[in-house]
Amino acid sequence: MTNTYTLHMNLNGADVHVNIYASATLAAVIRDQLGLTGTKIGCEEGECGACTVLVDDMPVDSCIYPALKADGRCVLTIEGLSQDRTLHPVQDAFIAQGAVQCGYCTPGLILSAVALLKHNPHPTEGEIRRAISGNLCRCTGYLSVIRAIQAASTPD
Amino acid sequence: MICEGYVMPSTLAEALALLASKRGDARVVGGGSDLVIQLQRRERSGTLWLVDITRIPGLDRVRIEDSHVIVGATTTFAQLDSSTLIRERASVLAEAAAWVGSPQIRNVGTLAGNVVNAQPAADGAIALAALDAQVEITRASGSHWVPLASLYAGPGMSTVDPTAEIVTAFRFQAQGPHDGSAFERLARRRALALPLINVGACVQLDAEGAVFLSVRIAVGPVAPMPFRAARAEAVLKHRLVSQEAIDDAANMAAAECKPRSSLLRAGKEYRQELVRVLTRRALTRASDRARGH
Chain W
1 MTNTYTLHMN
11 LNGADVHVNI
21 YASATLAAVI
31 RDQLGLTGTK
41 IGCEEGECGA
51 CTVLVDDMPV
61 DSCIYPALKA
71 DGRCVLTIEG
81 LSQDRTLHPV
91 QDAFIAQGAV
101 QCGYCTPGLI
111 LSAVALLKHN
121 PHPTEGEIRR
131 AISGNLCRCT
141 GYLSVIRAIQ
151 AASTPD
Chain L
1 MICEGYVMPS
11 TLAEALALLA
21 SKRGDARVVG
31 GGSDLVIQLQ
41 RRERSGTLWL
51 VDITRIPGLD
61 RVRIEDSHVI
71 VGATTTFAQL
81 DSSTLIRERA
91 SVLAEAAAWV
101 GSPQIRNVGT
111 LAGNVVNAQP
121 AADGAIALAA
131 LDAQVEITRA
141 SGSHWVPLAS
151 LYAGPGMSTV
161 DPTAEIVTAF
171 RFQAQGPHDG
181 SAFERLARRR
191 ALALPLINVG
201 ACVQLDAEGA
211 VFLSVRIAVG
221 PVAPMPFRAA
231 RAEAVLKHRL
241 VSQEAIDDAA
251 NMAAAECKPR
261 SSLLRAGKEY
271 RQELVRVLTR
281 RALTRASDRA
291 RGH
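Chains as they are written, first to last, in this note's numbering: chain W, 1 to 156; chain L, 1 to 293.
The hints are simulated quantities; they were obtained by calculation from the structure and are not laboratory data. The structure displayed is predicted, hence computed values, not measured ones. A couple of the hints might just be wrong.
[What the hints assert, rightly or not] Each pair of labels, with its calculated beta carbon distance range: (1) 2(W) - 14(L): 40 to 46 Å; (2) 18(W) - 177(L): 52 to 58 Å; (3) 44(L) - 10(W): 29 to 35 Å; (4) 119(W) - 230(L): 39 to 45 Å; (5) 261(L) - 17(W): 27 to 33 Å.
[Unchecked claim] Derived list of chain W stretches under chain L, where covered just means 3 residues or more per stretch with a C-beta under 8 Å from a C-beta of chain L: (6) 2–13; (7) 40–54; (8) 58–65; (9) 68–82; (10) 87–96.
Positions of the beta carbon are idealized from the N, C-alpha and C atoms, including for glycine.
For reference, chain W alone in the conformation it holds in the complex:
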């Protein structure tokens, strides 16, 4: 018998109340209960970063993050990045640099990049590499990802 709780969080700018099981991970709540499938499930053990979301602007692996930890927090998923059908500058840069191949790692990579640029608007290449070190791309597209983040960090 698993207890249920009401999780209150701000998800992509909107207050959300959702009844969840004690055992739910944040990734399961976001995908299966709230229908936001942009957050991907890869390894389910915190190795690949496909499930990365931002909790109070910090990247976390949502597949191993107990959902109740998000109670009272602000959660941002890939669906919350664009505003009024306008893509976020990091999303635009990923497209312009061809930084997307199969796309499975892309939501996590973009959110890691967004978190980096929020805290450090002009990162070095080393800082960029470290910031995305928890996001694995098996299409081997890291160089174009790094170029995209560099492009998004430098105003035109």
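Mind docking chain L on chain W? Use the hints.
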């Protein structure tokens, strides 16, 4: 993850009362980055309720008290990595924290979780062993400090009873002007990779920076728990600071550590050579820092 209930107490007293009321069916969780995976794989059974201590105010504070650094149990690796106090007064711990997992893991993983999970290669625990840290354990009956080494019963087995006790803090001597420390690690990649060997070293020199007064070297994973290379430490005590002395200590560390061949890590001969090389590098950087370089 497998659990029946999940509670986030806002005080230590409330957390202890919850554990007591569940009589062994509840256990403490910090960031959950190890425990959630173990529960998903059913590697840890019998846990029905999780008591999350990360919402207890003040439990993630780093502070200096008298000459000791006190690190709260739920301090994350990201906090340790970015703490000026830790970088300046316990560089070995800041450097170890920077190596843990990935940014996503460092944002949630806690120092206490790293210790209670009891892996002999845990970067945070190797740094704490080099710092000769003590650990504060809190039970319903009160709190007391114990040596870090006393918490290890075997690989992955802690003497802390997470159904009744809470690790609440770590403390160790803050590094002074003639102290230095450093952490070294080799893994297949720079993130999300098990260490083949990791080494933490702390040195204290005399005021002239010429003689080793005391040295502590911790190595992992070469034993069922974080290993203090005591014979290598003894090689340096009261010796003049020199490359030759550091080389002698590194050779002794390689001789006294017994790494095993592991498909996950590397062969024992290679890993033994790594003990020598990484001990030399850690001692060299720690000594340079102690001399103000």
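Numbers of the earlier hints that this structure fails to satisfy, in rising order: 1, 5, 10
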